[in-house]
Structure formats: structure tokens, C-alpha cells
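Residue numbers (our numbering), protein chains in the order written: chain A, 1 to 519; chain B, 520 to 958.
Hint data in this document are derived by calculation from the structure and do not stem from the laboratory. Just so it is clear, the structure is predicted and the values come from calculations on it, not from any experiment. Just so you know, even glycine gets a beta-carbon here, dropped at the ideal spot from N, CA and C. Certain hints may be false.
Said to hold, decoys possible - From the derived model, a few chain B residues whose C-beta atoms are all more than 10 Å from chain A:
(1) A675
(2) A743
(3) D746
(4) E752
Stated by the list, open to error - Pairs of lysine-lysine residues, derived as DSSO-like cross-links and limited to a Cα-Cα distance of at most 30 Å, are as follows:
(5) A:K293 / B:K780
(6) B:K853 / A:K172
(7) B:K780 / A:K257
(8) A:K293 / A:K156
(9) B:K853 / A:K257
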Amino acid sequence: MRTVFLWLSLTAPVVAEPVIPSFGDETATAGLATVYAGEWEYMVGGGVATFDCSGDGFPEVFLAGGAGPSALYLNRSARGGALAFEKTDAVALDAVLGAYPLDIDSDGVMDLVVLRQGENRLLRGLGDCRFEAANQLWGFDGGDAWSSAFAAIWEKGQSWPTLAIGNYIDRKEEAFPWGSCTDNWLHRPDGNRFAAPIALTPSFCALSMLFTDWNRSGRPSLRVSNDREYYQGGQEQLWRLEPGQAPALYGEPDGWKRLRIWGMGIASADVTLDGYPDYFLTSMADNKLQVLKDPASGVPDYADLAFKAGVTAYRPYTGGDQNPSTAWQAEFADVNNDGVQDLFVAKGNVAQMPDFAAKDPNNLLLGVGDGTFVEAGDRAGVASMATGRGAQVVDLNLDGKLDLVVQNRWSGPEVWRQTGELPGSWLQLRLQQDGANRDAIGAVLEIKRGDKVERREITSGGGHLSGSVGWLHVGLGAAEAADLRVIWPDGSEGDWMTLPARSFQILRPGAPARAWQPG
Amino acid sequence: MTFRRRQVLALTLAAPFGLVLKPALAAGRADVSREVLLTWHKLILQLVRHTATYVPPVAARAFAYVGISAHEALASGNPALRSLAGQVTDLAPPPARGPGAYDEPCVLHAALQAAVGGLFSNTGPTGQRAMQAMGRKMGALASAGIDSAAVDRSVAHGQAVARHILAWADADGGAVIENMGFPRDYTPGTRAQDWVPTSLIRLQQAPLLPDWGSTRTFVIPSVAALDAPPHPEYDEAPGSVFRGFAEEVYDTGRGLTDEQKLIARFWSDDPMLSPTPAGHWISIVMQIADRDALPVETIAATLAKLGIAQADAFISCWSTKFRYNLLRPVTYIKRVIDPDWEPLLITPPFPEYTSGHSTQSGAASTVLTAALGDGFAFEDATNVAEGLPVRSFPSFAAAAEEAAVSRLYGGIHFRFGNEAGLTQGRAVGAYAAALQTEA
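Looking at chain A on its own, in the form it has when it is part of the complex (with noise of 0.2 Å):
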């Protein structure tokens, strides 16, 4: 508990207004189209998934669709020129409620999930972002459900992935769909195949899921953020998963402490920088950002420090309507590159919810470096009023500065590039390794920040349906170069290295960086 309160206790010495970024506006123009449809089946999804697939390290943007066709876009943008994208009908799929990125079987070729109302699918990259499907191939039982949540691990030992997969209602329910929550899955891998998906029970309409080593412990868990409208006796999820094991859920007896919100999104970085990954839950009125009370206890007690911290998010900042708002992507990155945590979150209403606002700005809540944040949403140039669901927090031309694209609920996605200065520099990271998990999902990045330590895992999962492979962003604000190391997933520590600003550097397990060129 001590942990907790000194860090919003601290009062450096000088705390300014944070830079505020500046957003350019660059939807109408950037190509990018594809709109979230559908009715009920579809309130929640609208996922974005970026990942680079033609090789130049761009990162490609893959939009759902739900009731209407997905879409690929390959990113046609040049380095720190205006956004530009080029539609494919790589991966034309209805029924989709977003994808994750995901090199499944370690080929060094970026692969897809995607979440469906129906069969999911596995789509396994040939290069050139080309895609073909994988269920049968690699023995994946897609299911037949509502499917709304998505995390992977490589367990240990393992060269194949775990995938849990998370469900939503039985959509065949339709006077007394509460209650109705359908199975989890965790599908974990036999060989470099999967088994038969095991179904995690009890389940609780999982809208966000995400493996994480909350306690550090080298095995991580899985958390599960469920949406209390639906379930009966449910509450928020840990699943332990030791290898080889049945998972088994944290309880009270560990420590676990019941909480039930309207759960939708996970976003996870150690903003305290006490080592631990911290949690930001989405929900309907109040947020949630959940701190371990004691690490050092190994019990999983959360003290939520949303309040405390600035990040409550609960209702509109801007626009005038001042009903409770509707969170659902979150996603925590250093927008202006002064080496602080911001936190973005993706807001709008869940159809015509007359309670809550209709008018539901996205927040760009910016790290002010004492543990609190401040609302820069409007000044920023975010603050859309559009029904927004997923979204990515994305360098989309590479020039440093982390750009903006969200999928919104039936007016179509809008993209965002950074235009203004901004006074701190930045660095980029892609983690690569031989053999399995080539990118590393589970290997943690420590940075040093002053006197502490900045411990970034390495995941697949969690947020809105929105997932993300490629570029790490790490802003170092005046620092002229990061001292930083990886903790690989197999355990390794590599050596701590010095690497200069404003460079993309590639780091493999055993081997010096190795700096990267856009173009």
C-alpha cells in the first residue's frame, strides 16, 4: 500500500503543463473507409489492428467491418508525410469484430486472428500481405459464438502459442439474454498445432483479455475484463495458468478482491514505474486504474488510484453533454514524447443509451509525471464526437511522433496525424528472436528513467479488439539516448545498452542493436 500512496505523494520539484500534441484531422484524405455496421450483434467490436505485412516497416491498418466486409490498408504513407492507404481485399471477411496480429507459427511472417460473430478464423501470412486459411491447417476449432476478446502467450517450453479467445451472450437469446454468457476458450497448442480448445469456466462476457506477469513471477496470467450487464455471479477475472496445468481462477483466498463493472478494455503499463504492470479498465461512467497495493506480498489487492489520478474519464470533458460516458479502447503511450505515460481512451455511446452521453469525446489524458494526467483530448484535436469503439496509438509514417486511428460505430473509422512540434525525442524497438515467438509476446523492456526503472511488457491482447505488432515507442523526452535492456520471454536478460535518440534500432537476444531505416 505504501507503494501506492508515495507515488501520487510525489511532488517533483517543478511539474508542468505537459506539451500538449497537436493532431491533424487526416480522415478525409488518408483512404482509410471501412465502416463498423450492424445492429445489436454488433455494439460491441470495431476493432483496429496494425501490423506491417509488405516488409517496409510501415505498419498496415486492418479495420473491422462487422456486419459489412473488413479491410486490409496498406500504408502507402512516405516518413513524416501526410497519412495515405491503399484498400485490399486481402482480408474481406463479414462478421468481424476485430483482429489481432499474431506470427503463430513463428515463420517471420505476420499472421491474423480474427474475432468473428460465428467461426473465427485464423489467417496465416504468405508474405506480401497475402493471406490464406489456417483453421484446418493448424487444427483451430473457430468455435461458433460471439467471439469479443483475444490474448496470446507462449507458454513455456511451448513453440506454439496459446490463444484464449473470449465470448460474449448467446446472440440466440433474445428475452432474457442476461445471464446468457457463453464459454471462454483457452486453445492451447499440441505440437505446432492446437488441441481442442478447453473452455475456461466459469465465463462472464469477456470483452478484454491480456496474459501479464502481474507479479512478476515469469509465468504470466490471464486477465479478464467482463462486462456486468450480462453475467450472473460474475466479477472481474486472474487465471493462473502454470504449464501443463488446468487453469485455475485467483479467488479471495489469494487476495482477489471482487470487482464488477461494465468491463471493455484492458490497457496495461507500469506508469507508477514500481516495477508492476499497472491496469486500466474501461467501463461506463468511472474508469478504473488498478495498482498492486503490495507487491512485494505477491497478492493480487488493487487499490483503484482512478480518482486520485485524474483518469476517472466518466463523463464528456467537452460538447456540453454531461451524461456518464462509454469507454471502451484504452491504450497507455507517451503521445507528446516527454518520457511520461499518457492515456488514450476511446469513447462513445453503445447505441441510442439515452442515459449516458451521446455526445462522448475520446480523452487524451496526458501523464503530468507526479501520477496524475490531464484532459488534452480537445486541445489535442481528438475529441471526436463520432460512437468510437477500437483504436490504435500508432506511429503510421514513422517519423517519431504517434499518430491516432479509431474505428467508430457506423460513421466509419477517422485517422489523426501528429503534426506539431514536440520538444522530446523518441526511440523505436522491434524485438525479434530465432525459432518460436519471433516477436518476443511475453519479453519485458526496462528503461530507465531517472533513478527508477520502466518495465514494458511485451503483449498480444487486452484493449478493445484492437491489437498491435511493430514498432515500440518509447519517448525519452530531453534524454539524447535510453539506456534500456530486454528480459526475453525463455527468462534471458539481455545487457543493459545505451541507444541514441531518434533511431529505430532492432534488438535480437545475444546481439548488439541494430539500427533500422525507414525508405
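Guided by the hints, dock chain B onto chain A, whose structure is given.
Same frame as chain A, now just chain B:
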């Protein structure tokens, strides 16, 4: 919740006029009416839970108006029943039936569908979808085999009754709930004993529904007439009476038995996680109605009286709460006794005195005792789906007393708040119990 179906007992009330089926089939139509009434209420229990404005006082209000709608729909075609018009505040007689045959299940279904649709118009897309599905399902059930002209006539009448009730409801001062019931501007009190927010939820930094005490009551003459006496004088001194009550909450919370924890959770009835305290008692009546195969007229009259009692209990209680504006145990205990103490239950975001659950449980038990009898034993499976067991009670009064003391176990009320609430609620309930639903 699964309702077991048993053979319907002989109707205790005279058969309604205008049946469009042969008398031999009347009992069958009564069965359909009962199915319609209970199934709609089953949905209402879910809508209350899943509509953001349906905090406990608001939920009680809705149960009252739905119950009255059902009773008035039945009473309009049955001379053995007496309308509540003239008995409850400002309710004018509902539209009379015109000539021609009417089908009671169709009248009842139409009244319920319209009333529920009006009262829950702000529910989300899933609730809207569920109401539509329920309308189709119950409409088909009610109208199967019935002459279409009679169906149309019955539906029109049922809708007219519901419109009448909804228009009356719109004028009670409780129809519009903004910001989930929390005022956007609030000036806290300055006395040491005054309520202060108890949660870290930003929305709950103002108390819930501070003006609810001015909502029009159904049967009690005024909120002032049923106000609770002053609570023990606030005092932080060791050995003081007030501190003694706080220490009881503290000591009880630190030594809770498993049974006490279970009782606290069984009656927790949190808004948006349950059908609320009022819904819990509605659920009890529904279970009894099924177990004992109560006639539809009895069920409707009981639900109407119960809803009225609970709605007035909350109005009365809320008036008291904001007159005294007393802090919650967690505030006192953290300030005076132990800064690290936490109650078992989530402390509700409004003043302590009197206990809302105790007040409305006192009212509910009084009405149900009058309707179904003293020493009426029953089992309560309301929370089975939430993983809590069935509990058995020897009487409604015993259940109400357990509901009241559960707030002490939960650490959210002082004993005096519970006991005064029970007393206040029983007084409210007596007014509702005196309503005449039979001619």
C-alpha cells in the same frame, strides 16, 4: 429463475365479465393471465437491473406503477375487484370498457407491455430487444385461439389503461432521472456528523437522489407524518452512545461469521447488479405465487400493494435521510476508530439514517403479512443465479428483520438506522395494506 407450474387452485374471485371463451375454459385463461403477469415481471426484474437509472427508489416506483397497471387492467373487467382510483393519490378512474367481448390475458398483456415499455423506455438496446421479444411471445400466448376482434378490442383497452397510469405517473416528480440520479452540483454539509462521499467513484461524489423525498406519495399522507425520530446525538467521545453504535459496526465487521457474511450478501441487492431491494421482495412474491398457484387477481393486487408500499417507503426514507444527513459508519470509523477499516459491502452513496433497505423491507413485510398471513413461511431463491443459496424464513417479518440486520453485518448502517427504518417502513406498509382491491 425457474418457476414450477402447478395446478391452478380454484379462483377465489368471481369470474370476469365478457369472457370470449366458454366457462369451462376460464380456468385455462386464468392460467394464461398468470403466465403473462409473472413472465412480464420476470423481465422487469432484469430491466431494473440493466437500466442505468433504476436505483432502488426509482425501481420501487416502477414496480408500483406496473403493479397498479396490472390490477387496474383486471379490475376494469371484474366487478369483484375494486379500482385503486380514489384510494391512491391523484389517480382518476381508468378508462371503462366499451361494448363487446374482451379477453383478460390480452387485456393484461397489452397493459403490461405498454406500461413496461413506457417506464423502461430508456433501457439499452438489449432491454429494448428483450421487451420486443417478450411482447411477441406473450402476445402470441395471450391471443392464441381468441377471436381477432376480441383481441384487438382487448389490446386497445389494455393499452388505454396503461396510458392512463403512465400519464398519472409522469406527474409524480420522479419520472425524469438524470446523471444516473446524482446531482451535478452539490454543496456538502459542514457539521462533523454530515454525510460525505464514501467512494472513489467520481460520479458518486454527490449523494443519490437528494430530492426524492419530495416525490408524490401513493398512500401515506405526508413524509413528515412518518418521519423517524432523531438518531442518537453525534459524538466522537469514548463511551458515548453514538460511538458505541459505531463500535458495534466495527466489532461486528471484524468478527463476522460465515453466516453473517452470507446474510449481508443475500440482502445486498446492489443497484445494477441485482433487481434492487424492491425487486428482491417482488421476486419473493413471484416465487410464492408460483409455489401456491395463487390466482392472478391475488398476485396482481399483492404486487400493486407491495409496489406502492415500497415506493412510499423509499420516499419517506429519503426524506428522512436528507433531513438528518448523517454520515455512514465507514466515515466515522475511519475518522475515529480505525483508518484502515473497510466494510464487507460497498457503502451506498447517500446518507445513513434511516436505512432504506430496512424501511422498504418493513413496509413490504407489513403488506405481505396482511395479504398472505402472519407466520407465512417461504423460501427465497432470488439470488441462486448469483451463486447464493436458497434461504428459508418463518414469516415476512422475520425476513424483514434479517434484511435490516444484514446492513449492520455489511458495515453500511448503524443498528439504530436499521431499527428506525423497520419502524418507519411498517408504518408506511400499514397504509398500503389498507388499500381495498376487492369490491
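How the hints compare with the structure:
No Cβ of chain A comes within 10 Å of the Cβ of A675 of chain B; the nearest lies about 24 Å off, and the non-interface call holds. The beta carbon of A743 of chain B is kept farther than 10 Å from every beta carbon of chain A, the shortest such distance being approximately 32 Å. Against the 10 Å criterion, D746 of chain B stays outside the reach of chain A, whose nearest CB is about 31 Å from its own CB. Every Cβ of chain A is farther than 10 Å from the Cβ of E752 of chain B; the closest lies at roughly 33 Å, confirming the non-interface assignment.
Among the hinted pairs, K293 of chain A with K780 of chain B is consistent with the structure: their alpha-carbon atoms are about 24 Å apart, no more than 30 Å. About 49 Å separates the Cα atoms of K853 of chain B and K172 of chain A, which puts this hinted pair outside 30 Å; it is violated. Straight-line distance between C-alpha atoms of K780 of chain B and K257 of chain A comes to about 15 Å, which keeps the hinted pair within the 30 Å bound. Pair hint K293 of chain A plus K156 of chain A holds up; C-alpha atoms about 28 Å apart against a cutoff of 30 Å.
The hinted pair formed by K853 of chain B and K257 of chain A meets the criterion: a straight-line CA distance of about 20 Å does not exceed 30 Å.
Hint compliance for this structure: hint 6 is the single one not met.
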